[in-house]
Structure formats: C-alpha cells, structure tokens
Amino acid sequence: MQIRIYQKERNLSPVKLLKETFLDIYKSRFLARQLAERDIKAQYRQSYLGILWAFLTPLATAAVWIFLNLSGTIQVTDTGIPYPVFAFTGTLLWSIITEAVNSPTQSTNAARGLMSKINFPKEGLIISGIYKLLFNSSIKIILLIAFVFIFGLGFHWGLLLLPFAILGALLFGITIGLLLTPLGMLYKDIGKIVTMGFSFLMYITPVVYAVPDSGLMKTIMEINPFTPVILTCRDIITGASSDYLVYFLIIMTLCIPLFLVALILYRISIPILIER
Amino acid sequence: MPNKDQEVLVKVEGLSKKFCKDLKTSLWYGVQDLLSNLKGNRAERELREKEFWAVKDISFELRRGECLGLIGHNGAGKSTLLKILNGLLNPDAGKVTIKGRVGALIELGAGFNPILTGRENIYNNGAILGFSRKEINEKLDEIIDFAEIREFIDMPVQNYSSGMKVRLGFAVAAQMEPDVLIIDEVLAVGDMGFKLKCFKTIDEILPRTAIVFVSHSMPQVSRLCNQVILMEQGKSSFQGNDIARAIDLYYNRFLNNSSQEIFSDGTFRLEKVELMGATGYEGKVPVLHWNDNLNLFFKFKVKNVKEVPRFVISIFDKEQRPIAVFEKNDKNAGLEIKDGNLEFFVNHPNLQLTKGLYSLHVLLLKMNSSGPILRMNDVLSFQIIHKEDVWPPLLLKTNYQNYSIKNLTQ
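If you read the protein sequences in the order shown, they are chains A and B. Sequence positions in the first sequence follow full-length UniProt numbering and run 1 to 276. Sequence positions in the second sequence follow full-length UniProt numbering and run 1 to 410.
Be a bit skeptical, because a hint or two may be false.
To be verified - Examples of chain A residues toward chain B, derived with CB under 10 Å:
1) Ala111
2) Met115
3) Phe149
4) Leu179
5) Leu180
6) Ser214
Claimed, not checked - Estimated spans, in silico, between C-beta atoms of each pair:
7) Glu142/B x Thr57/A: 44 to 52 Å
8) Leu23/A x Glu7/B: 23 to 31 Å
9) Leu35/B x Leu134/A: 28 to 36 Å
10) Leu260/A x Glu13/B: 29 to 37 Å
11) Thr57/A x Leu35/B: 50 to 58 Å
12) Gln32/B x Ile139/A: 39 to 47 Å
13) Arg253/B x Tyr44/A: 48 to 56 Å
14) Thr25/B x Leu260/A: 28 to 36 Å
15) Leu35/B x Asp213/A: 25 to 33 Å
16) Lys24/B x Thr195/A: 21 to 29 Å
17) Gln46/A x His216/B: 16 to 24 Å
18) His216/B x Tyr26/A: 38 to 46 Å
Honestly, the hints are just simulated from the structure, not real lab data. C-beta atoms are modelled at their ideal positions from N, C-alpha and C, and glycine is treated no differently.
Chain A on its own, in the form it takes in the complex:
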C-alpha cells in the first residue's frame, strides 16, 4: 500500500525530485491529454473561425510589414528571399515561441482553483500545455509548408527537418516559460513584464527584418538567443544554409538541463503557490 508522508522537511536530492517528477508525468498522462482535449474542444466549439485564430494574428502582423515594405515606407536590408515569405515565416515562428513561453504559466494559472482543492499531479498541467502547443504548432507548420509551395520555393529534403527544429523552438520557449512560472504565479507583474518584454524582443530578433551587416543592432541580434532559433527554422524552410546552426545546437544542449531544473523548481514551488 502506498504510504505518503507530509512534513516540513523537504527532500532536496535533485535526483529524487526528478524521479518523482517523471513518475508524476507518467501518472498524469491521461489527465494531461484529457485537459488538452477539453481545452481544444471547448475553444473551437464556441467559435466559427475556430482554428483560424491560431494563425490570424501572426499573419496580420506579417501583412502589415509586407505592406510597409512594398509601399516603400520602410526599407529593410535584403533578406535574400521574397520578403512576404520572410515576414510570414518570421511572425509564425515568433508566435510559436511566444506561445510556448506563455504556456506553462497559462496552464498553471487556469488550474489555480483546482490546485487549491484537489491533489493531482501538477506536472500534468505542463504536459497538457505542451499537447496544446503541439496541436497549434502543427497547424502552423502546415501553413509554413504551404508558403513554401505558394511562393515557389519548391520541395527540398531539408523540410523533413522542420518538425525537429520546431520542437527545439518549443523546448526553448517552454524552458523559459517554466523558469518564469513560479514567480509569475506569485506576482501578476511578471506576466505583464513578459508580454511587454516580448513585444520589444521581437524587434531585436530577425523576425520581420534580417540581421543588419554592421552596427550595434548586428551585435545585439547576434547575441540574442532567439536569433538562432528563428533563423535556423527559417533556413530549413527556405532551404538556405544556416550560419547560426552551431549557436542553435548550443542553445538546445543548454535547454535540456535547464528544462529539468525548471521542472524541479516548479515542483518545489507549487505548494507555496497554492497557499498564497
């Protein structure tokens, strides 16, 4: 028979905490799927445009930039590919990353009432968030691939790598989001700062314009860890050779241990969050 002990002293062996985390993730596999299914179903049952909303906003942003560029209001550095493809891929990839950053806090916040009443494996919330992300992202990937053909870039075998690059982008976003969640749950400020910060961050990331050839912006963009994530994904789509592949791989290698650390932090902080 299972024995649970609740007391003040925390077991702080990270290995044990991780083991418990993965055990809970395993235990919550049905819960996570069910919650994701529930949210996706509910989301589309109440709207006619339904799935369109998943990519309407990034498309609109891209359309604005395409208009600004074509009308000559704003001159951007040569992107090497047709500008509409550049803008569309940029905003779609950006929306995938920001959605991933927001996902852990959002899923946890949405279940706040539940958490203070019922004891269930909270990791299931994170996983259900990931399921939802995968669902939304797969729609966006289909759209991205559609662009490839619409703009006549043609099929190339590199496209098969796209899902893996997107998974990398998701991991990157979720790790950042999960690291912010404990504080974000305590203070609403964090959520606001994140939203605001990301609207700035977009302009120092090559989302709607390319990295300039020289100047301060070039340095900032090259340091910015979001740059390799966006650029690598885009290069895979367009079939260009990627200059940032090494930086991308370094970030991915860092993300895996950081993600585990974030999971441990999340687990430790949940009881304190419930209390407040």
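We have chain A already, so just place chain B on it with the hints.
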C-alpha cells in the same frame, strides 16, 4: 470503539500550519519561502510579523472503518487541516502519515468545462480525480445512472441545474475506492434525495475506509463519526470519542445570553424570566435532569393595558428548530395585571426532552384578536442532562410489561 485489529491509516503528529494576514507581505514571504525551500530549511519555524497559526499542534490516529469529525466555527482551521491531509499544503511543523489511496470530496465536479457535454465532463472530472480512461469507460454507465441524468448526458453542462451538476460530480467521485476519504461539507448542497444517496454511499464505503469529515451539521456528525475534534483558532479544544459532549461544546460557543426582541408594540416588556428549581448551573445556563418538572417564572412590565395577553411559549433546540410549544393560557387561567406588573408561573411536569441545550421563544398575542404584541427569541436557555445520548428530541418515559396470562384475564 477504537478497533485495535485494524491498521492505522492516518497518523497525524503535532501538525501546525501558519498563514499570513496581509496579502502583500504574504507574497513576499512566499518568495522567501521559495528560496529557503531551495536551500532545504530545517530550522524551527517561528511566527513572522502578521502571521498566525491556522492549525496548531493537532494530533490524531484513524483506523480503517473509523470516521473522524472535524467541527468548529468558521475559520477555526478545519479546511486548512483538510488541505494538509490532502497534500495540498505543506505543514510548518509536525508530520502526517497516510497509507493507501486518498480520495477527497472537497469540490464536486472539478474540471468541468461548461461548454462541453456531461459525458465529456465525466472524463475531465475523472481524469482529475485520478482515474484512467479505461476505468471511466467501465464505470460510465454506472456514473450516468447514479447521477440520474441519462436523458441530458449529451447536453452542455452549462445548461444543467446546479443540482444536476453536483449529482454528476458526486456520481463520478463515488466511483473512487479510497482507503482514506476526506469530506468537506459537499453534502450540504443538493436536495433531500441526493443527501440520502450520499449517505448511503458513504455508509457503504465506511467499513473499508478511514473518513475525515468536516461539517457544520451536527446531526450528520453524530450519525457518521466515532471520534471528534472540536477546533478553535487552529487548536483542538476538545478531542475524543464523546461525540455528544463535543457537540454540546460546539453549540455552547454560539450561545448568546442576550435575548432578541423581534417585535414589540411597546405595551409589554419582559423584565425577568427564570427557571425555578434548577439542579445546577453550567456556566450561566440552568440545568435540569431528564423527567424533572419544568417551572418557569415570568415577569412583564405593562403600560396602559388592562387585558392579559395570550402566551405562546415554545422550546427550540440548539439548531434553532422548534421542538415543542406549551399550551396557551385562556381567560380562566386567572392571570392578573397588578400595578403595571404581570407575574406568573408556567408549569410542565416530567419534561422528557432529551439531553441537550434548549432555548425559549415567547410570543404575546391579544386575547381576542390574536394580533401580535411582543415576540422575543432566546429569552432563556437551559440544559437537560441524562446519561443516555439519543438524537431524537424526545425520550419518552416507558414501562415494558411482559405479555402473560394474567394480563389476558384482566
């Protein structure tokens, strides 16, 4: 009866939990606790500024087949204690050991999404309660039948009545087969039929389960529980197997000795009411033995009226339910107003109310028109003592006689 052969399923030792009164400070302490948790704090926790103990030094043991009642006024720490038992809050001191599967009836229908149908929400709710898809598939029909909503099962839950939602939630929860069950006042909602159904279910699982039950309904507590903790400001002020005593203590907390004037036309004022011949006093409350004579003395001040009113004196129990009413006086009773005073006795022989706390309400009506003159609640409280504890309001004095030839021939 503590059943020594059964294993202890819940063991709580010196459990304490503190809360903060101020939100901003609480958030800041939250950040500090996050950090100190990372470092692994083992130091004794003291109260910081603006903090208080929500639960302090609670200890008990619970075996399979036993039910512990947690009673106390609002904010006494019952729900906090439940949350610790359920693993939602971490204690600040002490230890909880729980064996087996824990089920909690704290919120029914958790995880329901109003837009989705009842059937879909069974899966949502079940998932949160820890069922697997296979288990729910197997129990689906049973759940729908138990909730008695087969007709509406494919309708969005937002169109359900609140009663239907609760029934559906309970139907899912009832499928749990817990070793330890935690119940927090969920049974307070729903209609009579639903309540009876809940109790039937709980009765069925009780022999296999250790139950912790929080309620404000003393009849439910006395029906289910075999031990009680009365909580006051986080501490246990009474703990033991004497349910009746715990319940009396609980009610005593709500005893207000000030009587309440509900209505008055200004002509009569109650100056004194007294229970004569009390055998003792419990605090300020006079005490009678069961089957004693009840003898009440009333004194009213009267202004500008000559006519003696009709008295309706009724006895209420501690849950404010009317239990009995005394016969009204008629014109032949011989009551008289003298010098603006009306004084009289009310006698009732062999009062057979069961053990417990009672209060008197008084209503004065005009003798002829029955128009109201004065209505007062809780003019007097008194306690009946008896060695036996029974739940019905009356214990009737009874003789038993053997059926014999002698009786037949009479």
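Checked hints:
Interface hint status for Ala111/A: upheld, as the beta-carbon distance to the closest one in chain B is roughly 8 Å, under 10 Å. The interface hint given for Met115/A is met, as the beta carbon of that residue sits about 7 Å from the closest beta carbon of chain B, less than 10 Å. For Phe149/A, the interface hint is violated, the least distance from its beta-carbon to any beta-carbon of chain B being 36 Å, above 10 Å. Proximity of Leu179/A to chain B is violated relative to the hint, the smallest CB-CB distance being about 13 Å (cut-off 10 Å).
A distance limit of 10 Å between C-beta atoms decides the matter here; for Leu180/A the minimum to chain B is near 13 Å, and the interface restraint is violated. Interface restraint check: Ser214/A against chain B, minimum CB-CB distance 43 Å, threshold 10 Å, status violated. Between Glu142/B and Thr57/A the CB atoms are about 45 Å apart, so this pair conforms to the stated range of 44 to 52 Å. The supplied range of 23 to 31 Å is met by Leu23/A and Glu7/B, whose beta-carbon atoms lie about 25 Å from each other.
At about 34 Å, the CB distance of Leu35/B to Leu134/A agrees with the hint of 28 to 36 Å. At about 34 Å, the CB distance of Leu260/A to Glu13/B agrees with the hint of 29 to 37 Å. For the pair Thr57/A and Leu35/B, the beta carbons lie near 37 Å from each other, so the given range of 50 to 58 Å is not met. Separation of Gln32/B from Ile139/A is about 43 Å and conforms to the stated range, judged on CB atoms against 39 to 47 Å.
Restraint check, Arg253/B to Tyr44/A: a C-beta distance of roughly 53 Å satisfies the suggested window 48 to 56 Å. Distance hint check: the CB atoms of Thr25/B and Leu260/A are about 33 Å apart, consistent with the given range 28 to 36 Å. Take Leu35/B and Asp213/A: their Cβ atoms lie about 45 Å apart, and the range 25 to 33 Å is violated. In this structure the supplied range 21 to 29 Å holds for Lys24/B paired with Thr195/A, their Cβ-Cβ distance being about 22 Å.
Between Gln46/A and His216/B the Cβ separation comes to about 38 Å, which falls outside the hinted range of 16 to 24 Å. A beta carbon spacing of about 40 Å between His216/B and Tyr26/A agrees with the range 38 to 46 Å that was offered as a hint.
Consistency note: the structure conflicts with the earlier hints numbered 3, 4, 5, 6, 11, 15, 17.
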